[in-house]
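Asker: Sequence:
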Amino acid sequence: MCLRRYITALLLLAATGLQAAPGDILFQEQFNNTADLTADWTTDSEARVNAVTGNPTPSLSIEAGNGARSATSRPIDTQVPSASLSFWVRRGFDTQGGNCPSNQTCSEYPEGGENFQVQYLNSSNNWITLITYTGGGTSGEIFTYDEPLPADGLHAAFRLRFTHVGGNQGGWDLWHADDVLITETIDIAATCSTTSTIFYEAFNNNGDLNSDWNTDNGVRINSITFGAASPSVSIDGRSGLHGITSKSNRIDANVAAARLGFWVRRGFDTQNNGCPTNQNCSEDTDDNENLVVEYLNNANSWQPIITYEGGGTKGEILNYSALLPGDALYSGLRLRFLHTGGSGSTWDLWHIDDVLVEQCTGSAGPDHYSINNLATTAVSCEAINLTIEAHDASHNLTDALSATVTLTTSTGRGTWSGTGISDATPNDGTATLTFSSGADSMNVQLSHPDLGGNTSETININVSDGSITEISGNAIALDDPSTVISDSGFRFIEVAGATTTATIPSQVAGVLSSQNLFIEAIRTDLDTGSCTGVYPAGTTVNVDLAAECKNPQNCAGLQVAITNNGNTTSIATSNDNSGTGAAAYTGVNLLFASDSRAAFSLRYRDVGNISLHARDTVNLPGNVSDTLTGESNGFVVKPYTLMMILAESNDATPINNPGTTTALPGFLPAAASFRVVVESQDADGNRTPNYGNETIPETVSASFGSLIFPVGPGAANGTFSSGTFTATATPGQFESTTASWTEAGTFTLIADIGDSNYLGAGGVASPAESGNIGRFYPADFALSGEALDQWCEASGTKTGSFSYLSQPNLRLTYTLTARNRSGNPVLNYDNTDLNYLITSPDVPIGAINYHAENADNGINLNARVTVSPSAPIAWDNGVYRLTDVPGQLNRIAAPDGPFTETQFSLDVTDPDGAVLDIANRNQNPDTSGDCLTPANCTSAALGNPQVFRFGRTVIEDASGPESAPLPVIFGTEYWDGTNFITTTNDSCSTLAFSEITYATNNPIANPQPVAVGSGTSNGSLNAAGSAAAVTSGTFGLIFSAPNDTGQFPVSVNLTNYPWLRFDWNQDGDYNNDTALPDATINFGAYRGHDRVIYWRERF
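In this text, residue positions in the sequence shown follow this note's numbering: the first is 1, and each later residue adds one.
It is worth saying that the hints were derived from the structure and are not from the lab.
None of these values were measured; they are calculated from a predicted model.
One or more of the hints may lead you astray.
[To be verified] Subject to a maximum C-alpha distance of 16 Å in a straight line, what follows is the list of computed EDC-like cross-link-like pairs (lysine to aspartate or glutamate):
1. K314 to D287
2. K247 to D287
3. K247 to D286
4. K314 to D286
5. K247 to D212
[Unchecked claim] FRET-style restraints, in silico, Cβ to Cβ:
6. T730 to N204: 38 to 44 Å
7. A35 to T144: 40 to 46 Å
8. P886 to T662: 43 to 49 Å
9. N288 to D930: 20 to 26 Å
Note that CB positions come from ideal geometry on N, CA and C, so glycine has one too.
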């Protein structure tokens, strides 16, 4: 069983003048004898020091008694910025069951309920439980605890208490404790000096609670929180374990460091009048009614944070703030607050508020120091330049927090200089260096002319701030190099104006160096100690030169080229030779000028940290033969560029990126993952194979470059995610198979070094924008807000139970959204403002196809569907929206129907293959029966099924006495499959008065007078504004009595009413008769028609 961490980290407070330092021991107890116990601890009779532990050393043993038995430390001054506590605990090893080794004197193990509780006295003089180890379990189980002290444990009167609780009076049921250690830790006050909020919960209302938390019974939001300025969540004391748990995926703590804070309050007892009379308060929690706070770690295991015990001071407010542990720093972090040991009272409350998780963006200080830019060889007549760096655990530069470090040399000789240096005694090798505020590195110099009587000497440099050194933490060998100082040798120098430095600056792969670089052969003048040249001016010397790969330590087959006096030579370039010089050399003729310097340029077509070596055997004054050697500083050659060389799909047979804009084919749906290959290149576009082989491998990143298509105001760049790049089988090439872009269109990317800082030399020399990547298109289309209504013209409302075929009285409303693979809108799918068009070939985007099927009969009536938006299909920011647009189901040449259950639906087609979201699809108008699964469905229903009828308007001759009103049959009918019958439920159809004439060609008014003989008849109809309106299938046409005989025609024009036409002229076309046959209205005796013998209507 592993120790369950409960404290998440350090709360940082300012020190109060205590003269202590990180690493100092504030308290230590090993319980070696009874004197140790009695000197530092107050104990009950059942606490003792003995060897009854099954352990080589004595420990504190506390046996079960009648009630709690404890050992309490003396006051301990922990008034420091931060400190850690560690101890060892063991559960007794049962001797009664024969489990104790025969050579051990053992104890019995504590039974269930006989727990071991560790507490501390906080700055408010309250005992706080750190952790409780439970009785029962595995006999002899050992626990080790090592955690930071909470903030309220950092005070001058800190005390620690070990308690055996729940004892049954047995004298051998033991818990054992040992090796108690409290140590000051490094002040990491800058860790959360700046923050950004990850998650915050104010519990202002039930909406807050329900949206972010899963709750049990007994949890509520209310104002029963005397002492709080805002509502909080309350957890009552009903029986059982219950509380609140944050929902999954609500807290993304996948950051380097994060802090948790929250507010807790014990209930304030109203029963003893302790609550102010003007407050609505809660009862306080009883003993054992504890509040347990836990987190779900990245191994999916709940871990304790802290336990607040019931009882205590009524209404006490407890504020918590500490860093989260490493296993809580992941995207699925969850928190929970649990009320345990409830007595059953629904008023014994714990209150929680202001739960805050925030990212810490400040520095945590160094993990180790590093000595950098130290040449492996040096000449004693010149000062050595080097850099002292502060590194974090991942070897990145980090703020040293203005630390003061002590520098020493292994020889005990040398004098230090530079900014921040204080060297009290020359040539003792010791000085202090104070980092500037905010600095992560400092450049210093070491003069070491005294070689102790030797011609050369190896020195090592040590750095320490009292606890952190160049070999502490995660330091590696590269952080602690050595150098060989000689009386004579070669130096590789740069001359910039009047400044000469013994360093070669960073270079760029494939680029000829542009600095004034020299190889200098010098020796120390034995009389003056100053440097003097070895070769006379104008001398050409064959010098052995070499290059050594330092980081990566192995070369990749490319050589360094050296140019001197117009001649270029490729020199041996070998693997790291562990500080013993280069493994191989190449002789190069070098022309030395004044000061014994040979000017040179270099070019290296690979990357990494390399150094140059020089070697020659010469005769020095006194005819002394000497071999001059020298090595440059390790200098960085960084990539010229990182170039995307391939983009393709992740399919088994990959789709290559076409890089198209307005032409087909497209590439992939927006937000689909794709593969990107990036190559590290030199200035000539050649691959640099050693990129990524560094000791801490450099990585690759890629970012959004520019939007190529579409362009215009409002065009969205979207979000490009490069994913994680890994090395391919081809050295210097890296791939990510999880790259994605959220938008529609075509874009470019820019690849770079993962941290934009290749081995500390910065980013690439020439960032390169890739070629076009795309075109990306919608993954699907989502339908929402769909409605299909019938429009009743007579009332001006959406109503009615049917429509006539070819009658445009449907009103269609819906919204289509073009979406990416993640289900979010693609704003660039816009042919309104951004001209997102496919012109090669010229095909529409987002074409909408309508369908209709009656009674699920498998007959698609799509050819008869017409929807008439007022403009062409216009996508705007990825959305196509129709509102109350007319639609109809059209007639054919002859009557058919009626269609009593006609379901309209739509689908969407795109030239790149995007279709309607499968979740929307619920119809297949080409098949009968349910399409069962969305995969078999092809379209989405629009509204409910509709009724359609083949209709017509009829008017008949009428005759009657001149002394009475004369009604006329004038109304609407529909085909019932056998006959035309009156449409009794039609109260919506209208005909404009302008389409009806009496006797003359002039449109009527209502009522309209008509001359009959010497009299006048007034014709009247049901009216709706300026139109005749149908009521229950009839227009209600009636003529008043003219009191004279005569007749006149009534004409009806149906040019604008194709849904009410009929084949009156019997030519077989039911749609081309644009007028009704005239009806004859006769007052007086009806004499018939002069030329008609017999007349009947044929259906």
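Asker: Hints first: check each against the structure and report whether it holds.
Answerer: Hint check results:
1. K314 to D287: holds, 12 Å
2. K247 to D287: violated, 30 Å
3. K247 to D286: violated, 29 Å
4. K314 to D286: holds, 10 Å
5. K247 to D212: holds, 6 Å
6. T730 to N204: 38 to 44 Å: violated, 57 Å
7. A35 to T144: 40 to 46 Å: Roughly 25 Å apart at Cβ, these two residues miss the hinted range, so it is violated.
8. P886 to T662: 43 to 49 Å: For T662 against P886, whose Cβ atoms are near 32 Å apart, the range 43 to 49 Å is violated.
9. N288 to D930: 20 to 26 Å: violated, 59 Å
Violation of the numbered hints given earlier is confined to hints 2, 3, 6, 7, 8, 9; the remaining hints are satisfied by the structure.
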